[in-house]
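Protein chains: 4
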Amino acid sequence: MSKGTVVLAYSGGLDTSCILVWLKEQGFDVITYMANIGQEEDFEAAQKKAESLGAKKVYIEDLRAEFVEDFIWPSVQGNAIYEDRYLLGTAIARPCIARRQVEIARKEGANFVSHGATGKGNDQIRFELTCYALYPEVKIIAPWRIPDFYNRFKGRTDLMEYAQKHGIPVPVTPKAPWSMDANLMHISYESGILENPKSQAPVDLYLMTKSPQDSPNTPDELEIEFKNGVPIMVTNMKEGQSKTSPLDIFSYLNEIGGKHGVGRIDIVENRFIGMKSRGIYETPGGTILLAAHLDIETFTMDKEVRRIKQGLGIKFSELVYNGFWYSPECEFVRHCIAKSQENVEGKVQLSVFKGHIYILGRESPKSLYNEELVSMDVQGDYDPCDASGFIRINAVRLREHNRLQGFSNSN
Amino acid sequence: MSKGTVVLAYSGGLDTSCILVWLKEQGFDVITYMANIGQEEDFEAAQKKAESLGAKKVYIEDLRAEFVEDFIWPSVQGNAIYEDRYLLGTAIARPCIARRQVEIARKEGANFVSHGATGKGNDQIRFELTCYALYPEVKIIAPWRIPDFYNRFKGRTDLMEYAQKHGIPVPVTPKAPWSMDANLMHISYESGILENPKSQAPVDLYLMTKSPQDSPNTPDELEIEFKNGVPIMVTNMKEGQSKTSPLDIFSYLNEIGGKHGVGRIDIVENRFIGMKSRGIYETPGGTILLAAHLDIETFTMDKEVRRIKQGLGIKFSELVYNGFWYSPECEFVRHCIAKSQENVEGKVQLSVFKGHIYILGRESPKSLYNEELVSMDVQGDYDPCDASGFIRINAVRLREHNRLQGFSNSN
Amino acid sequence: MSKGTVVLAYSGGLDTSCILVWLKEQGFDVITYMANIGQEEDFEAAQKKAESLGAKKVYIEDLRAEFVEDFIWPSVQGNAIYEDRYLLGTAIARPCIARRQVEIARKEGANFVSHGATGKGNDQIRFELTCYALYPEVKIIAPWRIPDFYNRFKGRTDLMEYAQKHGIPVPVTPKAPWSMDANLMHISYESGILENPKSQAPVDLYLMTKSPQDSPNTPDELEIEFKNGVPIMVTNMKEGQSKTSPLDIFSYLNEIGGKHGVGRIDIVENRFIGMKSRGIYETPGGTILLAAHLDIETFTMDKEVRRIKQGLGIKFSELVYNGFWYSPECEFVRHCIAKSQENVEGKVQLSVFKGHIYILGRESPKSLYNEELVSMDVQGDYDPCDASGFIRINAVRLREHNRLQGFSNSN
Amino acid sequence: MSKGTVVLAYSGGLDTSCILVWLKEQGFDVITYMANIGQEEDFEAAQKKAESLGAKKVYIEDLRAEFVEDFIWPSVQGNAIYEDRYLLGTAIARPCIARRQVEIARKEGANFVSHGATGKGNDQIRFELTCYALYPEVKIIAPWRIPDFYNRFKGRTDLMEYAQKHGIPVPVTPKAPWSMDANLMHISYESGILENPKSQAPVDLYLMTKSPQDSPNTPDELEIEFKNGVPIMVTNMKEGQSKTSPLDIFSYLNEIGGKHGVGRIDIVENRFIGMKSRGIYETPGGTILLAAHLDIETFTMDKEVRRIKQGLGIKFSELVYNGFWYSPECEFVRHCIAKSQENVEGKVQLSVFKGHIYILGRESPKSLYNEELVSMDVQGDYDPCDASGFIRINAVRLREHNRLQGFSNSN
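Residue numbers (this note's numbering), protein chains in the order written: chain A, 595 to 1005; chain B, 595 to 1005; chain C, 595 to 1005; chain D, 595 to 1005.
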């Protein structure tokens, strides 16, 4: 008798294929689920593979549009960035994938979900917190944290042997000496030879972006139009070409960014579980959007709102990195951030060239920029004498402090 | 009889030359003071000019080394950046200049200080708050906020006429259609034709950096060594050349950054007085240092310390931008930030190319990175089963929330 | 010819009566406006006085209900408290008063507003920022900042003389040796003999609360019911009496709090303009509500939402204290706080006795408290083994830190 | 052969006595360790009991003075308070106890430590994070999280039976229907009948404080003198009695606070593991100190430093509550807080009466309060005209916002 049904997040690769067979061995019915979030993949082949390995049912879901609209767009609104550098391309994909996995599990009456994430990483947390949040009664099978499993499969060789024994097609090309995770937003590379934080990343590692040394010698110039803090149109200013659907906009920005080598970073970051890890990322479209959104946001948002919103964005980024997309606090923060974006609209012109983005100009019907007010040539509705009082009052406290307690030294 | 002695921050230009003469007209003795903080300037000519215009005494002070050590270095430690983009090159120069001005005023028994900053900008505030903080009894003469002065000098033409009448040498080259402020850290450009936020900055505007389109086709690779969060050596990895004094390090980074077109930004920012203004900045060395420091800091600092310190750094940046370098709170924040840097040491390797900086690797005797612990291939002192408990406990709250209040919707 | 029409915030007292006459002297038409926000006042007498002094029109507006609903309620939601102690009773009254003043000015086509607030205080700022925010073109006449006025009226004697000369009725009772500001939420006392921060406040100063030494020896027990973070009913648990309208609820809490001597504080606070000032406040109803709201909020709100909301509440309090109720950032923060209150509902039982409030219990249909889960006697849906993993993972970082950098010392 | 040596945090009660015997049963040598942190306890009897049950060695350590100086004093400096209400009396005791436990383990060459904390609480985390932080290689035995143990001892009856079988003296008085934790700082009560958040706490529950209804009808008045943000002397202003050592000061404040019923709270709080729990606390001396410290701090600290320090204090409180006293971030925050206290000195006069504390006055050689500056009667070094400019400049942004985006509505 079956122990129950498991919905397995299946990649088509060696690991999750072994997990599929192993779960069946343990007495589970297995439904495989594969999300298309923009990674390069032969989904048809994967489907056949899953079926041939005994999957009771195979789901292949195109989540690209909802990934852009429900996950990338809120991240753009939040200027989401972890530890000042990482644009969270993997972190925002996980709740997107797990959300659908849970929907399938509920629909199929499955009590279990499973995944192939390792026991040291962030992804296990992101998957599972999403599952628990949206399906509190679910039981999660994480083979890489089950001693029976991980003691049996101590390395790739053990998996290969198991695969051969159980008719699992074995990869013919040798594995890259690092691991990789790809989606519409980015590709991340880590582990293997990248674990030495001093070793430079190989030049042929990058798949999504050209090397800036090989990229075109002429910039592309784009105009990105925003409304409510998200892009609604991108136009190539020279070629005149425009994109207007979220998926098209983001894909086009990836294309342009990739062509010009934009968005490569090599960082050491702090995982939620308290380890530092080294990762290489390329996020072409996301990097362009961050630059453009920062610009239009500052142009249209009151400075004090901006300051508060900046703090919320940092909080948002931490929550997302740590796997709390579906949490009351992240839902709250997303709501507040979205509220802050009501007037964030207008157009930003920028140039993309050799790995870098240059803002060229911006305009907006909602701008708080007042050219006359700020002008050095005309006075506008401004009396310079007011500044004297402003400064004097701001100095009240400083002068008192000097008199009564003194500055500890002059630097 | 003299109304007293004024120490005037003198630039040698038309405005402050007119102010010098005007102050004398008003009955003051005028001491001119000119700070060398790395701007291109003919200091000797300026000295002669001031003397010829009747300055009672002329001070020309080389503050470059203290500007780097006392102002740029703490900013590097704090990853100081205003509104996510501006590296504060002007903001940190002001307290450096005003500090010496006040020292001179005290030494000379002058009750007054004066400057040529305009009435709409940030600089007036930064100058004056520093003066009030360090010399609470000082009286400040800001001609551009005095109706008698600004009504008399409504535009450049009025200044020119006054200059001609009073034997002030008049500039022979036409003024650029924007204003500019230069120091060792950066050059800023604003006003004039740049006031239209949509107009693209002219390509020939930049003086400190080459255009990335014209910059070399081969990167330079640098290794920057940090201790206590500040650079103590920079080495050109190909050429083998090293710099070790603060001023030499920073100047060399400017040279390399400038050569490769690094650090150009075009932004709209929020002034302290509540206006939005448009500025173009180029900060070659500072931009390289920010990237390098971020990297070594994350490599060596505990993640939770980093999070708290990040908040302090944002606060620090706001304070500095607004002119509060010399305030009890900024002194407090600088102390805390410096404390956080005690273990921030090690070497960062990076490449500078076509306007962008690429981190290549890093190493440190104080790193909290543990290659074995994070490895995908060996277990290290880590039990993957622990992660299950970690996730389950983190989910307690999320599951309760789902059961009792529910998520408002699925996105 | 008239210089224009001024809407003067009129209190009926000596100062604003002199201002009324002085404004007429200066050539203005004066409309007086008096807000009833719950202070003890003979409004009819004040009306007559204003008319007799030549007010062109007299407005007396009962703002008590909107003061409670639009200003006190959002403060309750935000647990608004300045510098950990002051409940902002004066600060929230100012935008309420000025909002109506501006409405009247617009309706009457008046270009000017005026008030009697002093030049060292917070109130001038709160009034005027509200006016500028809601009526950007308004011109403000603040006589206590106009040299002609304040040099003429250097003390109370000058005002008395002026009053006698101009037929302004002169107060017959001597002025208390402090100043006072009263409204529905609180009474504040400051200046005069209270300016010495060491002098104890006189026992007979308080008007809104009994001395705890003289208050009843038997507590009152109340049940306060909240919805959306604001009270919708208060019931005296012994007497069975209930109140349900906002104004009735708040007035009743004032009555009970006042009877038991609740809400007296003696503090030194930091004014926006950078001075420290000493104030005595009594806020009976507000103090009860703060205690009750804190309790129901923690009972029904997720802990991480609470943490973020706590930060927003502190920000809100600063903004309100400084006079920024009507600012984009305060509007944004109020929106976010209100959002956080959607599930803050339920009943809190409490006892009021001798100056203190004791929470007795609470219940809520929306509580996130799960009695079974937390029980020491039953296991609930909780596996204690999970805690081991949780702790071990939380310790990863601490153990690494000890090994690689060490704690600086053992305390 | 022994499995090794365990240092067991021993209370003398039924639970840890059973654990002692059970650990021996499992093959461990057991050293008991009992910390005197001010709880009422017959330490001699406990020592004999432990010896009679086979403890290899018995440590009884008087940690009261170091508890006050190393843990309570930093909490006073930080105004430490969790979720606006809980003064952290248990949370700060845990690292104090565990620090010594680890010292003993190291000295005795013990690889193991053990404790009797439950699997749902915060204390297990606080104990263990301290142990891991200070002794990273230590192994922790937490019986209440070991299935063999907790399945064997499902309730008190099982423990009683085991006790009888193994010669463990069984308590003769019936257990209170709640659990209790006492130390010098506070007593906490929770679980049992208190688990229903609506049930009122029994009137006879409190051991450290008198009921305000039965407390004296005459206040005590105290003067507390601070230096570096910690009390250095307390004086009873009527009786003239003074205390000057940290332990004496704190004990005396407990005595006075207890006598007047100060510091009782009934709250629902959020545990680190994500549950809400209900607790009753009494913290007499700590509550007085919080009030006094808040007062002297605001009196002597610059307002902007205070604002930053307030945020650090909230962070500190969360860290301490969650068990991170010994963490790099908490060490960092403590350092920063201590830095902020350098000028926090002076005397606060206060009255303690019927459960409440009333600040009466304060004085300080380091105060930033300037009586002349703030006076309503004299002008001091202040020009009221400056306030006009200050307000006008602060309004620039608000007026622009109104013109360009408008306030969403008038409240």
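There could be a bad hint or two in this list.
It does not matter which identical chain is used: a pair holds within one copy or between any two.
[What the hints assert, rightly or not] Using 25 Å as the maximum straight-line C-alpha spacing, the simulated DMTMM-like pairs for lysine to aspartate or glutamate come out as follows:
#, residue 1, residue 2
1, K804, E815
2, K897, D623
3, K618, E936
4, K701, E660
5, K651, E638
Simulated from the structure, these hints should not be mistaken for laboratory data.
Going down the list of hints, with the structure as the test:
no. : hint          : in the structure
1   : K804 <-> E815 : both (18 Å within a copy, 20 Å between copies)
2   : K897 <-> D623 : neither (56 Å within a copy, 38 Å between copies)
3   : K618 <-> E936 : neither (51 Å within a copy, 46 Å between copies)
4   : K701 <-> E660 : within (19 Å within a copy, 50 Å between copies)
5   : K651 <-> E638 : within (14 Å within a copy, 69 Å between copies)
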